[in-house]
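Assemble chain B onto chain A, guided by the hints.
One line per chain: the protein sequences are A and B, in this order. Quick note: the first sequence, position 343, residue 343 per the UniProt record's numbering, numbers continuous. Quick note: the second sequence, position 140, residue 140 per the UniProt record's numbering, numbers continuous.
These aren't lab readings, by the way, just hints derived from the structure by calculation. Mixed in with the good hints there might be a few duds.
As the list claims (entries may be wrong) - Label-pair distances were calculated between CB atoms; the ranges are:
hint: 1; chain 1: B; residue 1: 158; chain 2: A; residue 2: 371; range: 20 to 26 Å
hint: 2; chain 1: B; residue 1: 357; chain 2: A; residue 2: 175; range: 24 to 30 Å
hint: 3; chain 1: A; residue 1: 371; chain 2: B; residue 2: 117; range: 44 to 50 Å
hint: 4; chain 1: A; residue 1: 371; chain 2: B; residue 2: 125; range: 55 to 61 Å
hint: 5; chain 1: A; residue 1: 371; chain 2: B; residue 2: 80; range: 50 to 56 Å
hint: 6; chain 1: B; residue 1: 358; chain 2: A; residue 2: 175; range: 37 to 43 Å
hint: 7; chain 1: B; residue 1: 172; chain 2: A; residue 2: 122; range: 56 to 62 Å
hint: 8; chain 1: A; residue 1: 175; chain 2: B; residue 2: 371; range: 29 to 35 Å
hint: 9; chain 1: A; residue 1: 170; chain 2: B; residue 2: 169; range: 48 to 54 Å
hint: 10; chain 1: B; residue 1: 397; chain 2: A; residue 2: 40; range: 39 to 45 Å
hint: 11; chain 1: A; residue 1: 346; chain 2: B; residue 2: 230; range: 35 to 41 Å
Predicted, not measured: the structure shown is a model, and the values here were computed from it. From the three backbone atoms N, C-alpha and C, an ideal C-beta is built for every residue, glycine too.
These are the residues of each chain, in order.
Number of protein chains: 2
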Amino acid sequence: METTASVHTTTVASLSEANRSNILQYLYHHGISSRAQIAKALGLTPAAITKITARLIEAGALEETGDIEGRKNRRSIGLSLDATRFHVVGVKFARSLVQIGVFDLAGALLGLDNLPPVTDGTIGETIRDIHRRVNLLLDRDPRIVAIGMAVPGPYLREVGRIAVVSGMQGWRKVNFITEFTHAFRVPVFVEHDARAGALAHYLFDRESGGDLAYYLVGEGVGLGVIDHGRLFNGAIGAATEIGHVSIDVDGRLCDCGNRGCLERYCSTPAIHAMLVEDGQVVPDAAAMSHTQACRALFAKAHDGDERALAMVRSVGRYVGYGCVTIMNAFNPRRVVIGDIVAEAGEPMLREVRRTVADRAIPELVDSTEILLSGLDADAAVAGAAAVAVTQFLERPSLFFDVSGAS
Amino acid sequence: METTASVHTTTVASLSEANRSNILQYLYHHGISSRAQIAKALGLTPAAITKITARLIEAGALEETGDIEGRKNRRSIGLSLDATRFHVVGVKFARSLVQIGVFDLAGALLGLDNLPPVTDGTIGETIRDIHRRVNLLLDRDPRIVAIGMAVPGPYLREVGRIAVVSGMQGWRKVNFITEFTHAFRVPVFVEHDARAGALAHYLFDRESGGDLAYYLVGEGVGLGVIDHGRLFNGAIGAATEIGHVSIDVDGRLCDCGNRGCLERYCSTPAIHAMLVEDGQVVPDAAAMSHTQACRALFAKAHDGDERALAMVRSVGRYVGYGCVTIMNAFNPRRVVIGDIVAEAGEPMLREVRRTVADRAIPELVDSTEILLSGLDADAAVAGAAAVAVTQFLERPSLFFDVSGAS
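Here chain A stands alone, though its shape is the one from the complex (with noise of 0.2 Å):
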């Protein structure tokens, strides 16, 4: 157990790796900036900056740009990190869809693949073939400095394994840490996927702010929660499960044990079964994938059907209530729905917002802003590449040569 004592040391266990970390992440956020900008910005002393800059600039992180104009038009060296000289490559896990992408650090998709759809017997074969296909892109591209993972959730990050992936079990077993973690010539970093998905809206939109939550309503329901600026965690790493917090304890019963999960009742296997059981709106949809019956739905509920759009609003409600939770749980400035519940559009989004009106708190319905991520469903293999670029901007050390810098 993490006592008070490791909790102090390792807050603040290297203060010249933090220096770096707020340097790179200060350039990052606002672009080109001089050394006096930087330093009144972090509270470091000009002497400070000077030491720990030129460390960067030799080990290749920054560079400097020519003449910027400073205070009282004195012309000042502006500092930049180039976002396009270091590219992430972004592995997203779904349960039966896995992509792989590349990224430059401003989140900017250089390439994607598409693997063949994944079942619980040919997940070995997906790994295998993930090794493959990431080998080739780092030998392809030396520009190449990190791997990030984004996988279902509950992950517990200490052990490398998922606790639950409803539906799809089998990826249970696969090992993230030992699969992965040396496999190649950069460091991985494996993270949840919702989790992902609020570094990608944090990192790569500019909009976003530092009280963010990424709700992601698809083939699971995951939350990623960053609050001033940081993720939350938990202590094993199992926190914000929104898709495993009861909306009726007795409700349905979840693959995790509990019941009522709100996974149950607005994941995209949830609403192909009531399409499937209503046999109706999308008559064919038994033989549908559930994203393929939840894009047919969405598509009539386009088209002004009536029994589509009222399924719609259903859905929206159940988004809704989680929607509220997330307020009174978290607290955030900003909910994103992403996903692809999101792509039901605006007749979804008037529901969870008529839910969230009825049911928060009055303050916290004036202070949060609820709306549809802009990253579509595909491109969420963005919150992958995120996990690594997040990476980078903390633990500079692991990237570059920083030895003797303070």
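For chain B alone, coordinates are given in the frame of chain A:
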């Protein structure tokens, strides 16, 4: 809206203050230590430690304690933060109960005052009484350096108001910031009661560790979460409102606007209502206060009355549902259940653990401790004191003249 810019700048705004605070916290948690031990633990240079501690000694925050034994039997001078030299006042506002206590920094109770019971009509009078009594304490005890207040949540910290107080909305009209912030010779800090309870366990109980949830089940139901040594507040301070998280979206209506709020099933007013409806287990329940009725029930269960035991178990089940949600949402290492309902003791706790074993993810069941608070309900005023102690440790420049330190 907070931008990423302000997130980064405030985090490292004052490295000097952070260093001072880290030194105070280290000494607070570890007792007498040498400069070398502190430097090593905090990753600071010996020169920096010498400079900062010199200022803190000069300002009266720390003192040297003579030789202690160091590495390789070398003697070195010890530094100490003497917890008995500084006192704090804690004011706890429950709905009908206000208590004022004086504590030292280590949480030792030096004096306790119970105010007359409060009703919606006497809130103004109570506020005046608090001013008078606190000023009297300040006059008598020059060691008092700060006042902490614990109020029922959700408390809107930027505004100074409580957003919802089920059953006693009069408290909503009190603005704690304008009422108290500049009212006394020492600074005042206000915190949500369950968070104050979490701080009390974190600071005053060595066993607690840094990943801790304090689950207050009393006149209201609240939660304080400490994650890696930091309180989780949310964007406007309204996070961790477990009492208003729904356990049944079609359930009982709550004052907050939501349905099925946990608070409606296991708070003392909910238990009281159950007892009045039942009419047999505690026949004169209708004439009692919420707390009295609950204590009568617990006493009867303690004496082996089967119906009383069944009711306590039923309450325990609801407390357990909340506990499962706490684990899935916040993943603490330890959940400490406190306040009036915790007085139900072992039969209640057993039912909570059974519910958790049934419904939580096995990995979480194995890695989470659930126990009853060592602090009894009256002593929860210690939480208010812990709010003041936390500020004393985190913001030393508010309490000492440390100008010139770095």
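Here's how the hints hold up against the structure:
1. B:158 - A:371: 20 to 26 Å: Distance hint for residue 158 of chain B, residue 371 of chain A holds at roughly 23 Å.
2. B:357 - A:175: 24 to 30 Å: Holds, since residue 357 of chain B and residue 175 of chain A (Cβ atoms, about 25 Å apart) stay within the stated range.
3. A:371 - B:117: 44 to 50 Å: holds, 47 Å
4. A:371 - B:125: 55 to 61 Å: violated, 46 Å
5. A:371 - B:80: 50 to 56 Å: Distance hint for residue 371 of chain A, residue 80 of chain B holds at roughly 53 Å.
6. B:358 - A:175: 37 to 43 Å: violated, 27 Å
7. B:172 - A:122: 56 to 62 Å: Between residue 172 of chain B and residue 122 of chain A, where Cβ atoms are some 58 Å apart, the hint holds.
8. A:175 - B:371: 29 to 35 Å: holds, 32 Å
9. A:170 - B:169: 48 to 54 Å: holds, 53 Å
10. B:397 - A:40: 39 to 45 Å: violated, 19 Å
11. A:346 - B:230: 35 to 41 Å: holds, 38 Å
In summary, the structure is inconsistent with hints 4, 6 and 10 from the numbered list given earlier, while agreeing with the others.
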